[in-house]
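Q: The sequence shown begins at 1 in my numbering and counts up one residue at a time.
Hint data in this document are derived by calculation from the structure and do not stem from the laboratory. Here the structure is a predicted model, which is why all the values come from computation and not from measurement. There are no misleading hints in this set.
With a cut-off of at most 27 Å between alpha-carbon atoms, the simulated DSS-like pairs for lysine-lysine come out as follows:
no.: 1; residue 1: K21; residue 2: K59
no.: 2; residue 1: K25; residue 2: K62
no.: 3; residue 1: K11; residue 2: K81
no.: 4; residue 1: K21; residue 2: K62
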Amino acid sequence: MSVALQDNRPKLVTSPEIAGKLVEKLGHAMEDLLVLLRAETALVKAGKLQQAGELAMDKEDKAALYTRLMLAARDEIDTLKAFVPAETAALLKRHELFRSEVQINLAVLDTARDVAEDILRTVAHEVGRGEAPAVYGRSGHAQAAHAMGARGVAINRSL
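Build the full structure now, drawing on both the sequences and the hints.
A: The following block contains the structure:
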């Protein structure tokens, strides 16, 4: 059903000038987003998570613009190749490099998230260990500590 809807949409790219502008705008959107992703990656690697978090709104806006333009170009790829073949080929090559940069950014963010979760689990476990009674049971052996850790950990995100 979506294929039928896609075929009925009017063409956006009807001339070489429009094709050139779409390719140019997509190239600029990719570059703007890439600059932001590199900055975010550097901040996260440096442990400056607060500053990296401040880039979120700008990143969201730039990613939305990139996505809109990329989807428009994807829908018109044959027309773009016909009207501006060299520019389209260069854009496709740049897009592959862009994708690898995005993968690096995602890997860094995923690692930071894993480290944060591990820290929270360790803190919860240590707090829970402190709550366990240090007494001997009927058999004369120390009772097993609760493996689940603390029942709740509060996080102040305003710091």
